[in-house]
Amino acid sequence: KAGVTQTPRYLIKTRGQQVTLSCSPISGHRSVSWYQQTPGQGLQFLFEYFSETQRNKGNFPGRFSGRQFSNSRSEMNVSTLELGDSALYLCASTSNSGGPYNEQFFGPGTRLTVL
Amino acid sequence: GNSVTQMEGPVTLSEEAFLTINCTYTATGYPSLFWYVQYPGEGLQLLLKATKADDKGSNKGFEATYRKETTSFHLEKGSVQVSDSAVYFCALSEGGGGADGLTFGKGTHLIIQP
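For the protein sequence lines, the chains are R and E, in the order given.
Following this note's numbering, the numbering of the first sequence begins with 90 at its first residue and continues without gaps.
Following this note's numbering, the numbering of the second sequence begins with 2 at its first residue and continues without gaps.
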């Protein structure tokens, strides 16, 4: 089974631009979560989507948004980029099979650099 | 809100040494607890988990016990190898199903010297 894939792996943008990152979950997984990883703040939860609906959102400004498509692929968008948005953005997919815990499988991440 | 505290390191050990990475948490309910590992240039991999008090998670020689009374989930390994060099993250989830997201500690950079 293929793992979680994220594209692109690396991005360089300038302040004020916007960016879209893509995540393809493991086949059959319907839940996709996004995280931001920075040296200063560590790993922080951005949002989670299940069956095209956002179920939960972390404490990030409205410039950060996302969506999920009917095939469970997800995109996140950051508008009006700031230097502080430079980070590794990780996507995780979950099977939501109904057990006590549904493991989150992480992709390799997209490294975004804002100049 | 929820939080996870762990030693940040770097922690440098010699091969075959005993490893302990401390992790304590604050949560409003009864969370599930996890250790994730991140190797250079890669995403996170689940190392082990425990979903209720007194559960012991184990994998690849690593162990951690869910201690509700001390709100801790310390990671241990009896004899580390150079290949264990990585960043280790302690995390919790209240929902368990992914929707609530994971709350992570800052990560502990482990360096094992031959």
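Calculated from the structure, these hints are not laboratory results.
Note that the Cβ used here is the ideal one computed from N, Cα and C, for glycine as well.
It is possible that some hints are incorrect.
Said to hold, decoys possible - Label-pair ranges, simulated between beta-carbon atoms: (1) E:D55 - R:R104: 28 to 34 Å; (2) E:G30 - R:F149: 22 to 28 Å; (3) R:G129 - E:K57: 30 to 36 Å; (4) E:A54 - R:N145: 34 to 40 Å; (5) E:Q82 - R:F149: 36 to 42 Å; (6) R:Q130 - E:D55: 28 to 34 Å; (7) R:P150 - E:A54: 33 to 39 Å; (8) E:V83 - R:Q106: 40 to 46 Å; (9) R:P150 - E:E77: 38 to 44 Å; (10) R:Q130 - E:S84: 41 to 47 Å.
What the hints assert, rightly or not - Taking lysine to any residue and the SDA-like style, the derived pairs with C-alpha atoms no more than 20 Å apart in a straight line are: (11) E:K78 - E:N23; (12) E:K107 - R:N148; (13) E:K61 - R:F194; (14) R:K146 - E:T29; (15) E:K107 - R:R104; (16) R:K146 - E:K69; (17) E:K107 - R:E141; (18) E:K107 - E:A28; (19) R:K146 - E:S4; (20) E:K107 - R:S175; (21) E:K107 - R:Q126; (22) E:K57 - E:R68; (23) R:K146 - E:G30; (24) E:K107 - R:N166; (25) E:K107 - R:Q133; (26) E:K69 - E:L14; (27) E:K57 - R:E192; (28) E:K107 - R:S184; (29) E:K61 - R:G131; (30) E:K53 - R:N191; (31) E:K57 - R:N160; (32) E:K107 - R:F149; (33) E:K107 - R:V108; (34) R:K146 - E:A28; (35) R:K146 - E:G2; (36) R:K146 - E:K57; (37) E:K107 - R:G117; (38) E:K107 - R:G131; (39) E:K107 - R:T127.
Going through the hints against the structure:
At roughly 50 Å, the beta carbons of E:D55 and R:R104 sit outside the given window of 28 to 34 Å. The given range of 22 to 28 Å is respected by E:G30 and R:F149, whose C-beta atoms sit roughly 23 Å from each other. Distance hint check for R:G129 and E:K57: the Cβ-Cβ separation is about 33 Å, which falls inside the suggested range of 30 to 36 Å. The supplied range of 34 to 40 Å is broken by E:A54 and R:N145, whose beta-carbon atoms lie about 25 Å from each other.
For E:Q82 and R:F149, the Cβ-Cβ distance of about 38 Å falls inside the hinted range of 36 to 42 Å, so the restraint holds. The beta-carbon spacing between R:Q130 and E:D55, approximately 32 Å, falls within the hinted interval of 28 to 34 Å. Between R:P150 and E:A54, the C-beta spacing of about 37 Å keeps the proposed range 33 to 39 Å intact. Separated by about 42 Å at the C-beta atoms, E:V83 and R:Q106 satisfy the suggested range of 40 to 46 Å.
In this structure the hint that R:P150 and E:E77 lie 38 to 44 Å apart at CB holds, the actual value being about 39 Å. Range check, R:Q130 to E:S84: about 29 Å between beta-carbon atoms, so the 41 to 47 Å window is missed. Of the supplied pair hints, the one linking E:K78 and E:N23 holds, its CA atoms being roughly 12 Å apart against a limit of 20 Å. This hinted pair checks out: E:K107 and R:N148 have alpha carbons roughly 17 Å apart, not beyond 20 Å.
Restraint check for E:K61 and R:F194: the C-alpha separation of about 18 Å stays at or below 20 Å, so the hint holds. For the suggested pair R:K146 and E:T29, the alpha carbons sit about 18 Å apart, so the restraint of at most 20 Å is met. Distance check on the hinted pair: E:K107 and R:R104 sit about 27 Å apart at the alpha-carbon level, beyond 20 Å; violated. Distance restraint check for R:K146 and E:K69: the Cα-Cα separation of roughly 27 Å exceeds the 20 Å cut-off, and the hinted pair is therefore not satisfied.
For a cut-off of 20 Å, the pair hint linking E:K107 to R:E141 is broken: about 30 Å separates their Cα positions. For the hint linking E:K107 to E:A28, the alpha-carbon distance of about 16 Å falls within 20 Å, and the restraint holds. At roughly 16 Å between alpha-carbon atoms, R:K146 and E:S4 fall within 20 Å of each other, so this suggested pair holds. Under the criterion of a C-alpha separation no larger than 20 Å, the hint pairing E:K107 with R:S175 is consistent with the structure, at around 17 Å.
Only pairs whose Cα atoms come within 20 Å are accepted, and E:K107 paired with R:Q126 is accepted, the gap being roughly 10 Å. A distance of roughly 9 Å separates the Cα atoms of E:K57 and E:R68; the hinted pair therefore holds under the 20 Å criterion. In summary, the hint linking R:K146 to E:G30 is supported, as the alpha carbons are separated by about 19 Å, within the 20 Å threshold. Proposed proximity of E:K107 and R:N166 is contradicted: the alpha carbons are some 25 Å apart, above 20 Å.
The hinted pair formed by E:K107 and R:Q133 meets the criterion: a straight-line CA distance of about 10 Å does not exceed 20 Å. For the given pair, E:K69 sits about 29 Å from E:L14 by alpha-carbon distance, which is inconsistent with the 20 Å threshold. For the suggested pair E:K57 and R:E192, the alpha carbons sit about 17 Å apart, so the restraint of at most 20 Å is met. Distance restraint check for E:K107 and R:S184: the Cα-Cα separation of roughly 26 Å exceeds the 20 Å cut-off, and the hinted pair is therefore not satisfied.
Restraint check for E:K61 and R:G131: the C-alpha separation of about 25 Å exceeds 20 Å, so the hint is violated. Simply put, E:K53 and R:N191 have alpha-carbon atoms about 14 Å apart, close enough for the 20 Å limit, and the pair holds. Taken as a hint, the E:K57 and R:N160 pair is broken in the structure, with Cα atoms around 37 Å apart against an allowance of 20 Å. Distance hint between E:K107 and R:F149 is fulfilled; the C-alpha atoms sit about 18 Å from each other, no more than 20 Å.
Proposed proximity of E:K107 and R:V108 is contradicted: the alpha carbons are some 26 Å apart, above 20 Å. Distance check on the hinted pair: R:K146 and E:A28 sit about 18 Å apart at the alpha-carbon level, within 20 Å; holds. The hinted pair formed by R:K146 and E:G2 meets the criterion: a straight-line CA distance of about 14 Å does not exceed 20 Å. Taken as a hint, the R:K146 and E:K57 pair is broken in the structure, with Cα atoms around 30 Å apart against an allowance of 20 Å.
A distance of roughly 31 Å separates the Cα atoms of E:K107 and R:G117; the hinted pair therefore is violated under the 20 Å criterion. This hinted pair checks out: E:K107 and R:G131 have alpha carbons roughly 5 Å apart, not beyond 20 Å. Taken as a hint, the E:K107 and R:T127 pair is honoured in the structure, with Cα atoms around 10 Å apart against an allowance of 20 Å.
The earlier numbered hints that this structure contradicts are 1, 4, 10, 15, 16, 17, 24, 26, 28, 29, 31, 33, 36, 37.
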